[in-house]
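Residue numbers (my numbering), protein chains in the order written: chain R, 1 to 440; chain D, 441 to 659.
Just so you know, these hints were derived from the structure itself, not from any lab.
All values reported here derive from a predicted model rather than from experimental measurement.
Warning: the hint list may mix true and false statements.
Unchecked claim - Simulated pairs of lysine to any residue, SDA-like, Cα-Cα distance not exceeding 20 Å:
#	chain 1	residue 1	chain 2	residue 2
1	R	K88	D	T631
2	R	K86	D	S473
3	R	K86	D	L588
4	D	K476	R	V47
5	D	K476	R	K88
6	R	K44	D	Y445
7	D	K477	R	L43
8	D	K478	R	D163
Stated by the list, open to error - Covered stretches of chain R (chain D as the covering partner; in silico rule of three or more C-beta atoms under 8 Å from a C-beta of chain D):
#	segment
9	36 to 43
10	70 to 82
11	119 to 127
We put the CB at the ideal spot given by N, CA and C, even for glycine.
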Amino acid sequence: MTTTIADRRIEDAGLEAGIARLTPEKIQKTIQAVLAGEGGARLKTYVETCVRCGMCAQACHYYMSHKDPSYAPVAKVRQTMWEILKHKGLVSPEFIHQCAQIAYTECNLCRRCMHYCPLGIDTAYIMSFVRRICHKLGVTPQYIQDTAHSHSATMNQMWVKDDEWIDTLKWQEDEARDEMPSLRIPLEVEGADFMYSVIAPEPKFRTQLIYQAAFIFNQAGVNWTMPATPGWDNSNMAMFTGDMEIMGRIEMAHFATAQRLRVKRIVMGECGHAFRAIYDVANRWLGWGMHPVPVVHSIEFFWELLNSGKIQMAKKYPGPVTIHDPCNVIRGRGLMDKLREVVHAICDGVVEMTPNREHNYCCCAGGGVINCGPPFKNVRIVGNSIKAEQLKATGVKTCIAPCHNCHGGLDDIIHKYGLGMELKFLGDIIYECMEKKGAS
Amino acid sequence: MLELYALAVGPLAWLAFGVFVIGSLARLFSMYSLAKKKDAAFLSYMTWRYSLRSIFHWLIPFGSLGWRENPALTVVTYVFHICLFLVPIFLMSHIVMWDTSFGFTYAALPDGLADGLTVAVMVACLFFAWRRLSLPEVRFVTSTHDWLVLVLVFSTFSTGFLAYHQIGDSLTLTTLHILCGEAMLIAIPFTRLSHMLFGFFSRGYIGSEFGGVRRAKDW
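Based on the sequences and whatever the hints tell you, model everything.
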């Protein structure tokens, strides 16, 4: 069935309040300013050379789940950027609502379509550009805008206060010392080998991940630290709302914290989008070609720990398991081989999904989509039945996904489609199955 | 009609080739200048190695995920694009024109083969038209512009085919064929046909990003 974005309008407090303040003239003024300031050869080339072949449709999990052409990557561009350019920005507030709904909630910026477009047109970039326009117009979904506000006020995503952060780390240290009496979560150690960074959902509601990481690092005997100041969180929802200014501030604070501590590198938890922010997007926006401090994702760090023998497995996790490849560290960093080596080292029996590696389907939570909150929850769950089929076809009951957003998205489809699967982080399994010599 | 023919093979041919060459160069140059001015931070990631790596994989039939998952389109696209260049450049009647005007000549395709390849281009155009009409995901994004470009290519090859086979009035068809071909040349820098110019750069850029920064393949 063919619909358009107008047929599936969703009410959202942020979007409604945003468009209520707009007129076509105001919209045009802002759009022209954004185009003049930030629209360059990339946008022009992409819009001009797209031959409208529709090959990208099959790349997108939304399209594959709905089989509705209006969800194809090129259709998303047709319903947003092409119209904006055609009308030179003179579009209605309602049209901006549609642009926001498509760009924020119907595209995960996963870049799977790069494997389908012969011309290499980066639809994710075009959707990010539409988000930038929507942000400048003040039309952003309420929930994700709240996280951007939190970033702005607290430098973390979840309104974690400065003292709560330290309290949480000390609390987890306390808890973990029951199991390993010598365990420390070292704060503010200048010159440590690495600064460990987590995203705000960890202290907020996934504290066991901090516990597990601390346990693994202590067992491995590595020289690490965590900051006791804001700048500890490298997650970045401002990157996804189109608020590049706040996006830059967050990662600037993060890199500055690592440099203040004079650490050799930053190791980060199992998060995809934070990795994208620090490895790909914000660092460039701040003017660094690559990174002022090397950035290592958990997958790679666990791979190092296992390969150097710093941690050993007491047993292998009983499989079979399957591996979900998160876009931001696979299409975004090429960690597919290391991820597999780690999983094979810690689990018994791996059943690969099809397609996998760089070609894997997205979890449909990333790109800020899950952060747009309950109004759009069904869209992303129904829009990812293809992923549910992919998971189901493996026939296994455990799925390893080294990314927070992927856990959120996959968890929802596992429940909705009754897959009865269990989701695991690498850290969950390593902590559970490693040799715990330091434990009491 | 004879006057029109003379105009088409004379001044209009110069105009068409001139617009095509100068227009293409101007568009490439202005896009490069714009990229340097507005996208310098991204242009700096472009590398020959990863650009060519990506282009290479995409030039191989079924060499990328997109090609593999669209087998019919892949076959037709390759045949279409190869013929689109082979036929006009290596057709005996075209080489004769070069010889008459400038006195140089080179190896030509056998007439029978060239005829077959021409039919292949026309069939490919019909296939593309069928896709635009029948596949919802293509129809959803198709505009008049896409049809004009397709009709232009089809007209050029079909009038050539008819003229070669002496079907209908030979002079009229030959003149029409030349005019269509010239229109196509002029259209390349200024329409969606410009993917002939820019496609390598957009693919090269994303190839550089995937190769140099993301360390993953993009095919």
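Hints and how they fare:
{"no.": "1", "hint": "R:K88 x D:T631", "in the structure": "holds, 19 Å"}
{"no.": "2", "hint": "R:K86 x D:S473", "in the structure": "violated, 23 Å"}
{"no.": "3", "hint": "R:K86 x D:L588", "in the structure": "holds, 18 Å"}
{"no.": "4", "hint": "D:K476 x R:V47", "in the structure": "holds, 18 Å"}
{"no.": "5", "hint": "D:K476 x R:K88", "in the structure": "violated, 24 Å"}
{"no.": "6", "hint": "R:K44 x D:Y445", "in the structure": "violated, 38 Å"}
{"no.": "7", "hint": "D:K477 x R:L43", "in the structure": "holds, 13 Å"}
{"no.": "8", "hint": "D:K478 x R:D163", "in the structure": "violated, 43 Å"}
{"no.": "9", "hint": "36 to 43", "in the structure": "holds (count 5)"}
{"no.": "10", "hint": "70 to 82", "in the structure": "holds (count 5)"}
{"no.": "11", "hint": "119 to 127", "in the structure": "holds (count 4)"}
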